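**Q** Sequence:
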Amino acid sequence: MQYEVLPLFERGKRKPKKAFSSEPRISACVQMNKSLQTPLGRESRVAHAYTGPGVSELPELYEAHVDGIAVLAFTIEGVEFIDGQMYQQAWHCRLPEHKIQVPWHLCPRGPLDELL
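Its first residue numbered 0, the sequence shown is counted upward by one per residue in numbering that gives the first Met the number 0.
No wet-lab data here; the hints were simulated from the structure. Predicted model, so just to flag it, every value in this text is computed and none were measured. From the three backbone atoms N, C-alpha and C, an ideal C-beta is built for every residue, glycine too. Heads up, a few of these hints could be off.
Claimed, not checked - The calculated label-pair distances, taken between Cβ atoms and stated as ranges, are: (1) Pro15 with Pro52: 13 to 23 Å; (2) Lys16 with Pro52: 28 to 38 Å; (3) Leu94 with Glu22: 26 to 36 Å; (4) Arg44 with Gly83: 19 to 29 Å.
To be verified - Capping the alpha-carbon separation at 25 Å, the derived lysine to aspartate or glutamate pairs in DMTMM-like fashion look like this: (5) Lys17 with Glu3; (6) Lys12 with Glu59; (7) Lys14 with Glu3; (8) Lys16 with Asp66; (9) Lys12 with Asp66; (10) Lys33 with Glu59; (11) Lys14 with Glu56; (12) Lys12 with Glu76; (13) Lys14 with Glu76; (14) Lys12 with Glu62; (15) Lys17 with Glu56; (16) Lys33 with Asp82; (17) Lys14 with Asp66; (18) Lys16 with Glu3; (19) Lys17 with Glu76; (20) Lys33 with Asp66; (21) Lys33 with Glu96; (22) Lys16 with Glu59; (23) Lys33 with Glu76; (24) Lys33 with Glu22; (25) Lys14 with Glu42; (26) Lys12 with Asp82; (27) Lys17 with Asp66; (28) Lys16 with Glu42; (29) Lys17 with Glu96; (30) Lys12 with Glu56; (31) Lys33 with Glu3; (32) Lys16 with Glu76; (33) Lys16 with Glu56; (34) Lys14 with Glu96; (35) Lys33 with Glu56; (36) Lys14 with Glu62; (37) Lys14 with Asp82.
Please construct the entire structure, taking both the sequences and the accompanying hints into account.
**A** Shown next as structure tokens:
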């Protein structure tokens, strides 16, 4: 499914919260599955963020799990490998702004609502 993804760590160090609002999010299709062949040498859950057919701007997350979930967003945590080194990483994923839909019962009432 398509989400706006924001990595929360840079080489294992948490980014400052001020950077979250200024840093651009990556629009990607987020998928999680089990993989038998990983750099960990064993079976692992792997999260992918595809920005195009077979293209990913973010390194894969190994030992991935959903850490937190809310109505319109969730966080995936795991470890990533950059230049042969393993680092902690988390992705904050939310629906794209243009896809958020307000539930019907929260919309203002109009004269046609009486017909329903």
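**Q** All hints are to be evaluated individually against the structure, with a verdict given for each.
**A** Against the structure, the hints come out as follows:
1. Checking the proposed 13 to 23 Å range against Pro15 and Pro52 shows it is violated: the Cβ atoms sit about 34 Å from each other.
2. The given range of 28 to 38 Å is respected by Lys16 and Pro52, whose C-beta atoms sit roughly 34 Å from each other.
3. The hinted window of 26 to 36 Å between Leu94 and Glu22 is violated, with their beta carbons roughly 18 Å apart.
4. A C-beta distance of roughly 21 Å is found between Arg44 and Gly83, which places it inside the suggested range of 19 to 29 Å.
5. Using a Cα cut-off of 25 Å, the hinted pair Lys17 and Glu3 holds, with the two alpha carbons roughly 18 Å apart.
6. A threshold of 25 Å between alpha carbons decides the hint, and for Lys12 with Glu59 the separation of about 17 Å falls inside it, so the pair holds.
7. Distance hint between Lys14 and Glu3 is fulfilled; the C-alpha atoms sit about 17 Å from each other, no more than 25 Å.
8. Using a Cα cut-off of 25 Å, the hinted pair Lys16 and Asp66 holds, with the two alpha carbons roughly 18 Å apart.
9. This hinted pair checks out: Lys12 and Asp66 have alpha carbons roughly 17 Å apart, not beyond 25 Å.
10. The suggested pairing of Lys33 with Glu59 holds, with an alpha-carbon distance near 12 Å, which does not exceed 25 Å.
11. With a C-alpha separation of about 18 Å, the suggested pairing of Lys14 with Glu56 holds against the 25 Å cut-off.
12. For a cut-off of 25 Å, the pair hint linking Lys12 to Glu76 stands: about 13 Å separates their Cα positions.
13. Our distance criterion of 25 Å between C-alpha atoms is met by Lys14 and Glu76, whose separation comes to about 15 Å.
14. Distance restraint check for Lys12 and Glu62: the Cα-Cα separation of roughly 18 Å lies within the 25 Å cut-off, and the hinted pair is therefore satisfied.
15. Taking the CA atoms of Lys17 and Glu56, the gap is about 22 Å. The hint holds against a cut of 25 Å.
16. Distance check on the hinted pair: Lys33 and Asp82 sit about 23 Å apart at the alpha-carbon level, within 25 Å; holds.
17. Simply put, Lys14 and Asp66 have alpha-carbon atoms about 17 Å apart, close enough for the 25 Å limit, and the pair holds.
18. Of the supplied pair hints, the one linking Lys16 and Glu3 holds, its CA atoms being roughly 17 Å apart against a limit of 25 Å.
19. Proposed proximity of Lys17 and Glu76 is supported: the alpha carbons are some 20 Å apart, at most 25 Å.
20. Between Lys33 and Asp66, the direct Cα distance comes to roughly 17 Å. Compliance with the 25 Å bound is thereby established for this hinted pair.
21. For the proposed pair Lys33 and Glu96, the alpha carbon gap of about 30 Å is over 25 Å, so the pair is violated.
22. Restraint check: the Cα-Cα separation between Lys16 and Glu59 comes to about 23 Å, which is no more than 25 Å; the hinted pair holds.
23. For the given pair, Lys33 sits about 15 Å from Glu76 by alpha-carbon distance, which is consistent with the 25 Å threshold.
24. Of the pairs offered as hints, the one joining Lys33 and Glu22 is violated, with about 30 Å between alpha carbons and a cut-off of 25 Å exceeded.
25. With a C-alpha separation of about 29 Å, the suggested pairing of Lys14 with Glu42 is violated against the 25 Å cut-off.
26. For the proposed pair Lys12 and Asp82, the alpha carbon gap of about 16 Å is at most 25 Å, so the pair holds.
27. Among the hinted pairs, Lys17 with Asp66 is consistent with the structure: their alpha-carbon atoms are about 21 Å apart, no more than 25 Å.
28. Pair hint Lys16 plus Glu42 does not hold up; C-alpha atoms about 34 Å apart against a cutoff of 25 Å.
29. Straight-line distance between C-alpha atoms of Lys17 and Glu96 comes to about 20 Å, which keeps the hinted pair within the 25 Å bound.
30. Only pairs whose Cα atoms come within 25 Å are accepted, and Lys12 paired with Glu56 is accepted, the gap being roughly 19 Å.
31. Restraint check for Lys33 and Glu3: satisfied, since their Cα atoms lie roughly 23 Å apart, inside the 25 Å limit.
32. Distance restraint check for Lys16 and Glu76: the Cα-Cα separation of roughly 17 Å lies within the 25 Å cut-off, and the hinted pair is therefore satisfied.
33. For the hint linking Lys16 to Glu56, the alpha-carbon distance of about 22 Å falls within 25 Å, and the restraint holds.
34. In summary, the hint linking Lys14 to Glu96 is supported, as the alpha carbons are separated by about 23 Å, within the 25 Å threshold.
35. For the given pair, Lys33 sits about 20 Å from Glu56 by alpha-carbon distance, which is consistent with the 25 Å threshold.
36. For the hint linking Lys14 to Glu62, the alpha-carbon distance of about 21 Å falls within 25 Å, and the restraint holds.
37. The hinted pair formed by Lys14 and Asp82 meets the criterion: a straight-line CA distance of about 20 Å does not exceed 25 Å.
Violated hints, in rising order: 1, 3, 21, 24, 25 and 28; the structure is consistent with all others.
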